[in-house]
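S.K.: Residue numbers (the working numbering): 75 to 602.
Honestly, the hints are just simulated from the structure, not real lab data. Just so it is clear, the structure is predicted and the values come from calculations on it, not from any experiment. Treat the hints with care, since some could be wrong.
[Claimed, not checked] Distance condition first, Cα-Cα at most 25 angstroms in a straight line; then the derived DMTMM-like pairs of lysine to aspartate or glutamate:
#: 1; residue 1: K445; residue 2: D262
#: 2; residue 1: K401; residue 2: E352
#: 3; residue 1: K401; residue 2: D345
[Said to hold, decoys possible] The following label-pair restraints were derived from C-beta to C-beta distances:
#: 4; residue 1: S296; residue 2: V535; range: 49 to 55 angstroms
#: 5; residue 1: G545; residue 2: N346; range: 37 to 43 angstroms
#: 6; residue 1: G188; residue 2: V235; range: 48 to 54 angstroms
#: 7; residue 1: T540; residue 2: K584; range: 43 to 49 angstroms
#: 8; residue 1: K578; residue 2: L293; range: 52 to 58 angstroms
#: 9; residue 1: R325; residue 2: K210; range: 38 to 44 angstroms
#: 10; residue 1: P394; residue 2: P292; range: 27 to 33 angstroms
#: 11; residue 1: A550; residue 2: D331; range: 34 to 40 angstroms
#: 12; residue 1: L500; residue 2: A327; range: 24 to 30 angstroms
#: 13; residue 1: P394; residue 2: L455; range: 56 to 62 angstroms
#: 14; residue 1: T540; residue 2: S515; range: 36 to 42 angstroms
Yeah, the Cβ is synthetic: ideal placement off N, Cα and C, and Gly gets one too.
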Amino acid sequence: MSGLFRQSMAWLHTWVGLLLGWLLYFMFITGSAGYLDTEIDRWMNPELPASQRSLPAAQLIQHALGHLEIHAPGAERWFISLPLSRNDPYPRVFWSGAQGEGVQPSGDRWLDAGSGEVLSGRDTAGGQTLYRMHWKLHYLPEAVADWAVGIATLFMLVALVTGVIVHKKIFADFFTFRPNKGQRSWLDAHNLVSVISLPFQLMITYSGLIFMMFVYLPLIISAWYGPSEENRQVFFDELFSAPALVGASGRPAPLTDLGPVIGATQQRWIDNPLASLEIHNPGDANARIVVRGDFAAGPLRAADMLVFDGVTGELLAEQPAQTSQAKAFRDLMLGLHEGLFADPLLRSFYVFLGLLGAAMIATGLVLWTVKRRQRDDHFGLRLVERLNVATLIGLPLAIAGYFWANRLLPLAINQRAEWEVHCLFLVWLLAFIHASLRPPSAVWREQSWAAALLFALLPAVNALTTSRHLGQSLAARDWVMAGFDLGVLSLGAGFALLAMHLAKRSRRVKRAQPAVPSADSSCQQTSN
Numbered sequence: 075m076s077g078l079f080r081q082s083m084a085w086l087h088t089w090v091g092l093l094l095g096w097l098l099y100f101m102f103i104t105g106s107a108g109y110l111d112t113e114i115d116r117w118m119n120p121e122l123p124a125s126q127r128s129l130p131a132a133q134l135i136q137h138a139l140g141h142l143e144i145h146a147p148g149a150e151r152w153f154i155s156l157p158l159s160r161n162d163p164y165p166r167v168f169w170s171g172a173q174g175e176g177v178q179p180s181g182d183r184w185l186d187a188g189s190g191e192v193l194s195g196r197d198t199a200g201g202q203t204l205y206r207m208h209w210k211l212h213y214l215p216e217a218v219a220d221w222a223v224g225i226a227t228l229f230m231l232v233a234l235v236t237g238v239i240v241h242k243k244i245f246a247d248f249f250t251f252r253p254n255k256g257q258r259s260w261l262d263a264h265n266l267v268s269v270i271s272l273p274f275q276l277m278i279t280y281s282g283l284i285f286m287m288f289v290y291l292p293l294i295i296s297a298w299y300g301p302s303e304e305n306r307q308v309f310f311d312e313l314f315s316a317p318a319l320v321g322a323s324g325r326p327a328p329l330t331d332l333g334p335v336i337g338a339t340q341q342r343w344i345d346n347p348l349a350s351l352e353i354h355n356p357g358d359a360n361a362r363i364v365v366r367g368d369f370a371a372g373p374l375r376a377a378d379m380l381v382f383d384g385v386t387g388e389l390l391a392e393q394p395a396q397t398s399q400a401k402a403f404r405d406l407m408l409g410l411h412e413g414l415f416a417d418p419l420l421r422s423f424y425v426f427l428g429l430l431g432a433a434m435i436a437t438g439l440v441l442w443t444v445k446r447r448q449r450d451d452h453f454g455l456r457l458v459e460r461l462n463v464a465t466l467i468g469l470p471l472a473i474a475g476y477f478w479a480n481r482l483l484p485l486a487i488n489q490r491a492e493w494e495v496h497c498l499f500l501v502w503l504l505a506f507i508h509a510s511l512r513p514p515s516a517v518w519r520e521q522s523w524a525a526a527l528l529f530a531l532l533p534a535v536n537a538l539t540t541s542r543h544l545g546q547s548l549a550a551r552d553w554v555m556a557g558f559d560l561g562v563l564s565l566g567a568g569f570a571l572l573a574m575h576l577a578k579r580s581r582r583v584k585r586a587q588p589a590v591p592s593a594d595s596s597c598q599q600t601s602n
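Produce the entire structure from the sequences given, and follow the hints as far as they go.
M.R.: This is the structure in structure tokens:
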């Protein structure tokens with residue numbers, strides 16, 4: 075019975091991995107890049123300065139407030155965030171619901187941390203877009219993307235559990251790898267990367283489902299609050315909104331001096347720095363000032379909150395980061411998933427384990443074709459082989475094209491950020507077309523060489539198009555810019571080694587194949 079059960083789990087593991095593997099690979103690659111979103115943002119916006127010593131919080135907030143009063147009068151909400159960590163390298167102002175002639179209804183600006191002046195850079199999609207791709211899938215409608223990602227994530231969890239059940243010697247597999255053994259080597263590689271990263275994969279998959287639980291389990295909210303959208307909003311307001319908020323009264327009133335508000339906050343939060351300040355209904359008698367701590371200070375994705383009267387400066391409410399055990403568990407799962415609290419070493423582990431997850435999926439997809447190629451050759455197998463190479467090599471190739479587009483597209487082009495993304499998917503489309511026209515073995519080599527060249531030449535393109543070349547970055551100790559250039563050089567070297575290995579293996583396979591006698595030689599042997 076146990077053998078039959080394990081056999082059924084193996085079947086489930088195999089087909090779940092195949093049918094959803096390409097989408098999961100896309101999610102893991104873009105999600106892993108998302109752990110470096112701030113660093114990628116900086117490289118794709120070379121006009122921005124390196125992180126610098128910041129003005130005191132009170133001065134930065136006054137600079138930001140002055141900017142908002144000029145550019146966003148009559149707004150429903152002002153938001154100011156301070157540069158506490160790598161997640162927020164610059165002070166930021168945001169507003170929504172602004173009114174008036176020549177006024178943007180909403181806006182988002184970065185400020186110089188040393189002077190409070192507005193920072194201007196190029197229009198770029200940046201690392202944030204790569205990060206959002208792993209669950210928004212970019213071109214798809216939101217509802218379709220949510221459910222596609224949810225189904226893939228759920229079955230990823232199924233594949234992980236069934237994979238553990240299938241492998242009786244899971245811990246022995248950790249120490250087993252036999253190179254140059256064909257199918258056996260692919261299975262060993264799949265087992266090895268799976269076992270090494272298994273705890274991370276379980277955490278990232280389960281927490282991903284927690285992230286979207288309100289989308290996937292709407293009936294629970296409807297059962298308690300009602301089915302309408304207004305009822306759902308009541309639930310979210312109770313769970314996430316700051317206390318003591320009220321609508322605008324329509325009666326103008328000056329905003330209180332923020333100095334005492336900041337001072338009172340710092341007295342209460344001796345070990346918890348002020349991270350952001352939000353003003354609701356500025357200039358109205360019902361103005362409210364919401365002050366939050368740093369929700370990325372630890373793995374719990376939550377922060378303490380204070381609410382002040384925006385006219386009198388009186389403290390109206392105080393809300394701790396943990397309001398219930400259930401919410402604390404959700405915040406912990408979200409914090410572990412995003413990893414915003416991670417220092418550089420831990421963040422590098424997040425990236426490494428995310429790429430191991432992608433390698434786990436990639437080796438599983440290749441193993442599927444290797445096992446079947448030995449005994450069959452049909453259209454479905456050839457299709458999967460081409461989809462594999464265009465996805466596994468084509469996606470990194472397309473991301474390299476995305477970085478090239480950032481440096482080569484004209485700065486004044488309309489919708490420049492969106493065109494960077496279009497270039498990514500156009501390069502990926504070319505990879506699929508190329509895979510459909512050439513033998514799979516040739517496609518693996520050629521696309522690996524293409525990825526090697528695109529990544530390795532990026533620092534040269536950067537040097538030719540900006541003043542932030544690798545030599546300048548190293549001399550200035552600008553480790554973000556230098557680290558990116560060195561990182562893509564490493565990727566280029568990795569893909570070059572892969573291409574050389576594939577070329578060597580192809581030559582070895584050709585030498586091992588028996589020579590096919592020609593028609594002339596066959597006739598000659600017959601006559602003899």
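S.K.: Each of the hints needs a verdict: does it hold here or not?
M.R.: Taking the hints in turn, this is what the structure says about them:
1. A threshold of 25 angstroms between alpha carbons decides the hint, and for K445 with D262 the separation of about 13 angstroms falls inside it, so the pair holds.
2. Simply put, K401 and E352 have alpha-carbon atoms about 22 angstroms apart, close enough for the 25 angstroms limit, and the pair holds.
3. For the suggested pair K401 and D345, the alpha carbons sit about 23 angstroms apart, so the restraint of at most 25 angstroms is met.
4. Restraint check, S296 to V535: a C-beta distance of roughly 53 angstroms satisfies the suggested window 49 to 55 angstroms.
5. Between G545 and N346 the CB atoms are about 41 angstroms apart, so this pair conforms to the stated range of 37 to 43 angstroms.
6. Between G188 and V235 the C-beta distance comes to about 52 angstroms, which sits within the given range of 48 to 54 angstroms.
7. Between T540 and K584 the beta carbon distance is about 45 angstroms. The supplied range of 43 to 49 angstroms therefore holds.
8. In this structure, K578 and L293 meet the distance hint of 52 to 58 angstroms, their C-beta atoms being roughly 57 angstroms apart.
9. The hinted window of 38 to 44 angstroms between R325 and K210 holds, with their beta carbons roughly 41 angstroms apart.
10. Restraint check, P394 to P292: a C-beta distance of roughly 28 angstroms satisfies the suggested window 27 to 33 angstroms.
11. Roughly 39 angstroms separates the CB atoms of A550 and D331, a value that falls within the hinted 34 to 40 angstroms.
12. At roughly 53 angstroms, the beta-carbon separation of L500 and A327 lies outside the given 24 to 30 angstroms, and the hint is violated.
13. In this structure the hint that P394 and L455 lie 56 to 62 angstroms apart at CB holds, the actual value being about 58 angstroms.
14. Between T540 and S515 the C-beta distance comes to about 39 angstroms, which sits within the given range of 36 to 42 angstroms.
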